[in-house]
Amino acid sequence: MNPQQIARTTILNAVRKALPTQKIDLPAVPVEQKHLGATGGFGYRGNLSSLEKIEGAPQPGESLTPYFERQLARMGGRSLTINTAAEIPDKVRELFPAARRICSVIPEMSDAKPLSQATSSRSLADVDVAVVRSHLGVAEAGAVWLTDLDLIVPALGVLTQHLVVLLDPKDIVPTLHEAYGGIIPFDKYPYGVFMAGPSATGDIEGVIIHGAQGARTLTVFLLAT
Amino acid sequence: MNLFNVLTDRPVDPESAAAKFIADTKHEETHDRLVWGMRMHRDEAARQIPGWEELRELASQIKEHTLTHLDQYLEQFEQNAIAHGVHVHWALDAAEHNDIVLSIFQKHNVKRVIKSKSMLQEECGMAAALETQGIEVRESDLGERIQQLAHERPSHIVVPAIHQLRTDVAALFAKNLATDEQNSDPHYLTEAMRNDARPALLHADAGMTGANFAIAETGGIVICTNEGNADIGVTVPDLQVCSIGIEKLVPRSADLGVMLRLLSRSALGTPMTQYTTHLHRPRPGTRIHFILVDNKRSDRLASPDFWHALKCIRCGACMNTCPVYRRSGGLSYQATYSGPIGVILDPGFDHTKYRELPYHSTLCGSCSEVCPVRIDIADQIYKWRRVIADEGLLPLAKRAGMAVMGETLSHTEAFHGAEAVAIKAIEQLPGVVFNNPLNPWTKHRDMPNPPKQTFHQWYQKNRGSE
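First to last, the sequence lines map onto chains A and B. Adding 1 to a residue's 1-based position in the first sequence gives its number in this note's numbering. For the second sequence, position 158 (counting from the first letter as 1) is numbered 142 according to this note's numbering, and the numbering increases by one without interruption.
FYI, nobody ran anything at the bench for these hints, they're computed from the structure. Some clues are possibly wrong.
[As the list claims (entries may be wrong)] Pairs of lysine-lysine residues, derived as DSSO-like cross-links and limited to a Cα-Cα distance of at most 30 angstroms, are as follows:
(1) B/K337 - B/K408
(2) B/K337 - A/K189
(3) A/K18 - B/K91
(4) A/K24 - B/K337
[As the list claims (entries may be wrong)] If you want the footprint, here are the derived chain A segments under chain B, 3+ residues with CB under 8 angstroms:
(5) 14 to 24
(6) 115 to 124
(7) 177 to 191
(8) 196 to 203
(9) 213 to 223
[Stated by the list, open to error] Listed next, with one range per pair, are the computed distances between beta-carbon atoms:
(10) A/I25 - B/H400: 34 to 42 angstroms
(11) B/R96 - A/I209: 38 to 46 angstroms
(12) B/W442 - A/I209: 28 to 36 angstroms
(13) A/S111 - B/G118: 42 to 50 angstroms
(14) A/Q118 - B/Q166: 41 to 49 angstroms
(15) B/E38 - A/R75: 53 to 61 angstroms
(16) B/E175 - A/A119: 31 to 39 angstroms
(17) A/D127 - B/T346: 48 to 56 angstroms
(18) A/A119 - B/K91: 35 to 43 angstroms
Treat the numbers as computed from the prediction; the structure is a model and nothing was measured. Think of the CB as a built atom: it goes at the ideal place given N, C-alpha and C, for glycine as much as any other residue.
Construct the complete structure from the given sequences, taking the supplied hints into account.
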């Protein structure tokens, strides 16, 4: 056996020998997914992730969008409602007038220099604004889910100075329970990230500052499709 | 540069180290205020979640289940990770971990590494070990980088430089990043760091991370940061090395819904970290190495008293609420892990060296109250004191005091005699006798005025006939 195999065997044997004798059962994590695909409402009724008791959170049948927007704002992000896809390019330029390199990976906004999986990560260092689409938002955290497929080159999401994310309000779920309850086939993606607002730090005397390392701003365009 | 007494076996002395920190009132006050602020944010966030207590219980059960079936989940995790093209290694201890990292880097001719915060790599003394081999290791988290430049270890699990004032950081950056020493605006300092870090982040040969969670069902890991620095580390260089403590396993993706709802709320009071990163397989043309590290975790698992500490998800809530941590600062623990969780983890690595740490606590129990996975931290602190005492490792002063106290308390007459003598003595002797450096009680306060009589004397007089 090589040293690696020895370590593996030694550790697993040590763990087996050390296992506490009283076994604890794996508890079920309550989750329902029936809200998915519903329009502007959520049907989750389980106790654990019930939002109903949270002040200002949506009641059954109400839209999750305002709650998502408020939580996103709390995390330092912002949201805008977009009526038609045609508005997107103008809106992006309006928000970021000084941007020199805007990189879009959505069909709604064509890009002069389209990305491919072969594009090097380092070539994205000068991107000022990136425009991407998310297929899942989580209301309680104000978070959007992005993967390699959405970003084409995963580094785009963190190397860009500003990030714009398109999200359909009907893709918002109430809590992380629903998000992790089988919606996402995590292991299919090399990389996936929940982003809740832009890069942030509180490392110097607790003062919250955005843009420590990753994107300085995160803007979610809410667009019903 | 040797920061740490990691290399020496001399017992740490938290009391003296804390005294140095406390000597500067501004540091102590600011630290206390900022850390308590995080605790307040945590309470607010916990109140927002209707099923908070059920969530804690669920998280605790998930971790206990995992730890009582850990061998199965480790094998399942390994199998799934390998199926995704990830290289999986196993390391018995810190030295083996560092050797594996070094051999990977040597094979790929890695000279410059960017790493995001990993307590495990800290525990292994990895950065120092790699630097002796000519590999430059750069911290990408702002607080961690501040500590790296200051040649100090992190003082808090979540906010590593929380004990530094903005003026300290300004002085440090002026020396290292050529910033204006007079400008201590955190925005200015953070921007200076961003600009300094960017080229290093872009041109690193490898990225290193720890793992907040490892999912057996999917063979992938989750890394939580607020700066997105781990994301740069895992998406820019073509090689990633992730160090994973074997206790980081959870069985299913669904368990993340529970753990992640608790983690950042308990840490900073935010609903979630800004970035929650999932790494499952290498992209075409890139490599990922996972290193599963034991480093005495299986020893801890074998201990009926202490295995629950392996449930820890590293949120730092226990530090934020601890009156001793808040006043004395994280560096006073002189160990990888500070605060209440450090008090019960560090002696597990070396209980001779860290024998003083279980006494660096008031046993108030606040840590157990806020722990999101319900670790019995305060009980374990007490149990560690027993271990230390049973092994004859009590420091001489405590041992001598305890012996006298034990003798006195076990003889009623002797106790009442001593009590009366003490009161008389306090009344009659000049303050200097008590308020002197040999009496640790009076280091930061005066002795209280003694009562006119002992409780026993009062009871005999007023209730003695009942």
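Cross-check of the supplied hints:
1. B/K337 - B/K408: Violated. B/K337 to B/K408 sits at ~40 angstroms, over the 30 angstroms cutoff.
2. B/K337 - A/K189: Roughly 46 angstroms between the alpha carbons, so the hint for B/K337 and A/K189 is violated.
3. A/K18 - B/K91: 35 angstroms, violated
4. A/K24 - B/K337: This hinted pair is violated, its Cα atoms lying about 33 angstroms apart.
5. 14 to 24: holds (count 9)
6. 115 to 124: Contact hint for the stretch 115 to 124 of chain A vs chain B: holds, 3 residues under 8 angstroms.
7. 177 to 191: As far as the stretch 177 to 191 of chain A goes, the hint holds, because 13 residues have Cβ atoms under 8 angstroms from chain B.
8. 196 to 203: holds (count 8)
9. 213 to 223: That given contact holds, which follows from 4 residues of the stretch 213 to 223 of chain A lying within Cβ reach (below 8 angstroms) of chain B.
10. A/I25 - B/H400: 34 to 42 angstroms: 49 angstroms, violated
11. B/R96 - A/I209: 38 to 46 angstroms: 30 angstroms, violated
12. B/W442 - A/I209: 28 to 36 angstroms: 55 angstroms, violated
13. A/S111 - B/G118: 42 to 50 angstroms: 47 angstroms, holds
14. A/Q118 - B/Q166: 41 to 49 angstroms: The hinted range 41 to 49 angstroms holds for A/Q118 and B/Q166, with Cβ atoms some 48 angstroms apart.
15. B/E38 - A/R75: 53 to 61 angstroms: 24 angstroms, violated
16. B/E175 - A/A119: 31 to 39 angstroms: Holds: the Cβ-Cβ distance is about 33 angstroms, inside 31 to 39 angstroms.
17. A/D127 - B/T346: 48 to 56 angstroms: Holds - the Cβ-Cβ distance for A/D127 and B/T346, about 54 angstroms, lies within 48 to 56 angstroms.
18. A/A119 - B/K91: 35 to 43 angstroms: 25 angstroms, violated
Consistency note: the structure conflicts with the earlier hints numbered 1, 2, 3, 4, 10, 11, 12, 15, 18.
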